[in-house]
Amino acid sequence: MGSMLGKFASLRNLLVRVLLFSILVIIGRFAYVVTIAGESCSIGDFCFFSLPETFNFMIPGGGGRTGSAALFTDNADPRVIGPPRPDLYSSEDWIKTVQFYSSVFQDLITEGYLSPNSKSLCIETPAGADVSALKDIGVSNSVGIFKKALKPLVIKGEAHRIPFEDNTFDFVFSGGSRLDISRRPHDFASEIARILKPEGFAVVHVSAKDTYSFNSFVDLFNCCKILKTKDIDIVLPSMPSTREYVLKKEYRILENGLLKLNEDGVSYKKNCSVPGYKLALFRNAEPLILEEPLKPWLTLKRNIQNVKYLPSMAEISFKNRYVYVDVGARSYGSSIGSWFKKQYPKQNKTFEVYAIEADQTFHEQYKSKKGVTLLPYAAWVRNETLAFEINKDPGQGKEDKGASRGMGRIQPVQSLGQFDGEVNQIQGFDFANWLKNTVSEKDFVVLKMDVEGTEFELIPRLFETGAICLIDEMFLECHYNRWQRCCPGQRSTKYEKTYSECIDLFASLRQSGVLVHQWW
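So for the sequence shown, my numbering puts the first residue at 1; every next one is plus one.
Just so you know, not all the hints are guaranteed correct.
[Claimed, not checked] Within a straight-line C-alpha distance of at most 27 Å, the following computed DSS-like cross-link-like pairs (lysine-lysine) qualify:
| id | residue 1 | residue 2 |
| --- | --- | --- |
| 1 | Lys96 | Lys156 |
| 2 | Lys119 | Lys156 |
| 3 | Lys148 | Lys96 |
| 4 | Lys295 | Lys369 |
| 5 | Lys248 | Lys230 |
| 6 | Lys369 | Lys346 |
[Unchecked claim] Each pair of labels, with its calculated beta carbon distance range:
| id | residue 1 | residue 2 | range |
| --- | --- | --- | --- |
| 7 | Arg194 | Pro126 | 18 to 26 Å |
| 8 | Ser312 | Thr498 | 30 to 38 Å |
| 9 | Glu384 | His363 | 18 to 26 Å |
| 10 | Asp504 | Asp166 | 46 to 54 Å |
| 11 | Ser312 | Asp219 | 50 to 58 Å |
| 12 | Pro275 | Asp166 | 26 to 34 Å |
To be clear, the hints were calculated from the coordinates, so they are not data collected in a lab. All figures in this text were calculated on a predicted structure; none of them were measured in a lab. Note that CB positions come from ideal geometry on N, CA and C, so glycine has one too.
Work out the full structure: start from the sequences and follow the hints.
Next comes the structure, spelled out in structure tokens:
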């Protein structure tokens, strides 16, 4: 009898454990589906119930009206079914936001860009206030996407990878200046072009309002024609002042595209076309120091305080990538760590950084620097082996390295004459071709160049190949036969160029659309 009771107790304990384990599995699965995956609960997800596909939640809209948050009517999508959020939908901020968007969309209906029959998508909308506003005014076939779904208005999706087929929507809306802060604006715009029907309309709200960013915006949306722009004053603290762009997808623009290739398949022109807005911007930049300074090591260093960086004069939003190239980088702390990382106004953009440095003394320290790509070669006008000369300061020994190390200068091996210093053979590469293969006209490119006189070979090569058109802002140290600090009244014999030739170089760069600054 005792044996039977013991077996019964063991079986009961086993069943209890199995039951508890099953409950934990169901709870874990439910938590994953709702919290991590961002999807709704259905029977296939180990949930205890599912809602009918025709079920709609009623959500308070603007002006005290009640609008139906009806879901997509075309093949009702179970992804959009989910629990209501009465705490969110009854808040004052929600109601005011819906009222604002309702006003925006009513104006668009009046102007003919939106209709009650428009199949509509709102992009990067965390809670779906714009979707709710569309439904309030009768555009019932509307839905929003965000990286985390919030049913019933918003399903899971991101702007750079929209989960819908090509040519799906009549109307696409992006509010809240989401494009301004996107890390992938090119993909953002390309996806809008892809899912928008031909002759469909896209409306984009941005916070950037200057001419420079406007032209970047136009380049970004090469699929579409801009029909209208207007500024909207917003009183909501959660929204910035906004500029509204209304665009129309036109097939002939999409088919032609932006890139007009030449016979070699290269999309860059040798002569840059400098638009008026860039020339106007340059007029606000610091003037060049036209008169040769007697103490250049002091004058040019002090001039750094006068530099007007391009991002301090204009919005640099809507670029595909942000790239900084340091030619003649030397140590990481020489300019990348001490100046670009700390002082250059990046407008919260993440820059890809390239350090080009031929002197192997500095290579090791770059291995531990994240976000910096080292090119351990010499920037040159073609691919060839070069002589790399290290010019020692007086009294400096061969063992001296780092910050006290002399500056390197390159020249073809066959041109090497007598030289009292350290000479190594290094590999040079065609910098202009590398730049053309690395960045595009849709990128924002900043270049610093300190190459010990080689700028008089590299910059003409940039003009020759058209790569100069890819550079937005440049910081150039021009090397010439300057007055020597050690010997008053004597010029350096290290460089042959004169200060006036440097000024000509700076002037030609600004005339070609590059905002160049005198560096030291």
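Ascending list of hint numbers which this structure does not respect:
4 and 11
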